[in-house]
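*Asks:* Those sequence lines, one after another, are chains A and B.
The opening position of the first sequence corresponds to residue 1 in our numbering, with each subsequent residue numbered one higher.
The opening position of the second sequence corresponds to residue 1001 in our numbering, with each subsequent residue numbered one higher.
The hints are simulated quantities; they were obtained by calculation from the structure and are not laboratory data.
Heads up, a few of these hints could be off.
Stated by the list, open to error - Result set (DSSO-like, lysine-lysine): computed pairs, CA atoms no more than 30 Å apart in a straight line:
1) A:Lys-110 with B:Lys-1014
2) A:Lys-79 with B:Lys-1014
3) B:Lys-1057 with A:Lys-45
Unchecked claim - Some chain A residues close to chain B (C-beta under 8 Å, calculated; not the full set):
4) Pro-10
5) Ala-29
6) Asp-39
7) Cys-40
8) Leu-46
9) Ser-49
10) Ala-67
11) Lys-98
12) Ser-99
13) Phe-101
14) Asp-103
From the three backbone atoms N, C-alpha and C, an ideal C-beta is built for every residue, glycine too.
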Amino acid sequence: RKEVEQDPGPFNVPEGATVAFNCTYSNSASQSFFWYRQDCRKEPKLLMSVYSSGNEDGRFTAQLNRASQYISLLIRDSKLSDSATYLCVVNFNTNAGKSTFGDGTTLTVKP
Amino acid sequence: NAGVTQTPKFQVLKTGQSMTLQCAQDMNHNSMYWYRQDPGMGLRLIYYSASEGTTDKGEVPNGYNVSRLNKREFSLRLESAAPSQTSVYFCASSEGGLAGVSYEQYFGPGTRLTVT
């Protein structure tokens, strides 16, 4: 079983739709969680950190459920520019903050 | 402030050739990382360095060596390239150090390597 698992998709949604991605992790000692965005053939970039209390940044909401060991990302009012691959990242806060990346979920927003 | 830079951007090698991928960061970060990403797949950690003078193996270290030259620079060397090493290589850095404190990672633009 992978340490971090994501539904690979692809998710194809119309503009304006709401879409949610889930990510599960296996190590209950995990401490830090992030969502990254990766555009085609580009480097990953931090989208947002995920806090226990949940956090929101504009149209994006991230939530953490420690009991069930999953993280979610909700995108409201999808834009064409949201089309990308979204990577779930989990850090166990050991060994230099070494992170484990999920394989990513691909989102395509269509007109 | 350039962030994380990588050279070269593209490289084609013949099987058995060697090369070094260069990475530098100007954010005074403690930790640096090398990943590879194969088509349609996630990032896999090759090596990382918690601080200047230390390096550790990641998930897929075979066929690679690294050098943390100083706090800014972390190089990845392929001693004898193989077709299975065809991939996109990303370097990243973060504030996190030996204490294991977790911070977000900042990535370079990548090196696209083809081994024929």
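*Asks:* Confirm or reject each hint.
*Replies:* Status of the hints after comparison with the structure:
Note on Lys-110 of chain A and Lys-1014 of chain B: the hinted pairing is violated, with a Cα-Cα distance of about 41 Å set against a maximum of 30 Å. About 43 Å separates the Cα atoms of Lys-79 of chain A and Lys-1014 of chain B, which puts this hinted pair outside 30 Å; it is violated. With a CA separation close to 24 Å, the supplied pair Lys-1057 of chain B and Lys-45 of chain A stays within the 30 Å bound. A hinted interface residue such as Pro-10 of chain A counts as satisfied when its beta carbon comes closer than 8 Å to some beta carbon of chain B; here the least separation is about 11 Å, so the hint is violated.
Using the Cβ-Cβ criterion of 8 Å, the hint placing Ala-29 of chain A at the interface with chain B is not satisfied: the shortest such distance is roughly 11 Å. Checking Asp-39 of chain A against chain B: minimum C-beta separation of about 12 Å lies over 8 Å; hint violated. Using the Cβ-Cβ criterion of 8 Å, the hint placing Cys-40 of chain A at the interface with chain B is not satisfied: the shortest such distance is roughly 11 Å. At about 5 Å, the closest approach between the beta carbon of Leu-46 of chain A and any beta carbon in chain B falls short of 8 Å, and the interface hint on this residue holds.
The beta carbon of Ser-49 of chain A comes within 7 Å of a beta carbon in chain B, closer than 8 Å, and the hint placing it at the interface holds. At about 21 Å, the closest approach between the beta carbon of Ala-67 of chain A and any beta carbon in chain B exceeds 8 Å, and the interface hint on this residue is violated. Proximity of Lys-98 of chain A to chain B holds as hinted, the smallest CB-CB distance being about 6 Å (cut-off 8 Å). With a least beta-carbon distance of about 6 Å to chain B, the hint placing Ser-99 of chain A at the interface is held under the 8 Å criterion.
For the restraint placing Phe-101 of chain A at the interface with chain B, the shortest Cβ-Cβ distance is roughly 4 Å, inside the 8 Å limit, so the hint holds. Taken as an interface hint, Asp-103 of chain A checks out: its beta carbon lies about 4 Å from the nearest beta carbon of chain B, inside 8 Å.
This entry does not satisfy hints 1, 2, 4, 5, 6, 7 and 10, going by the numbered hints stated previously.
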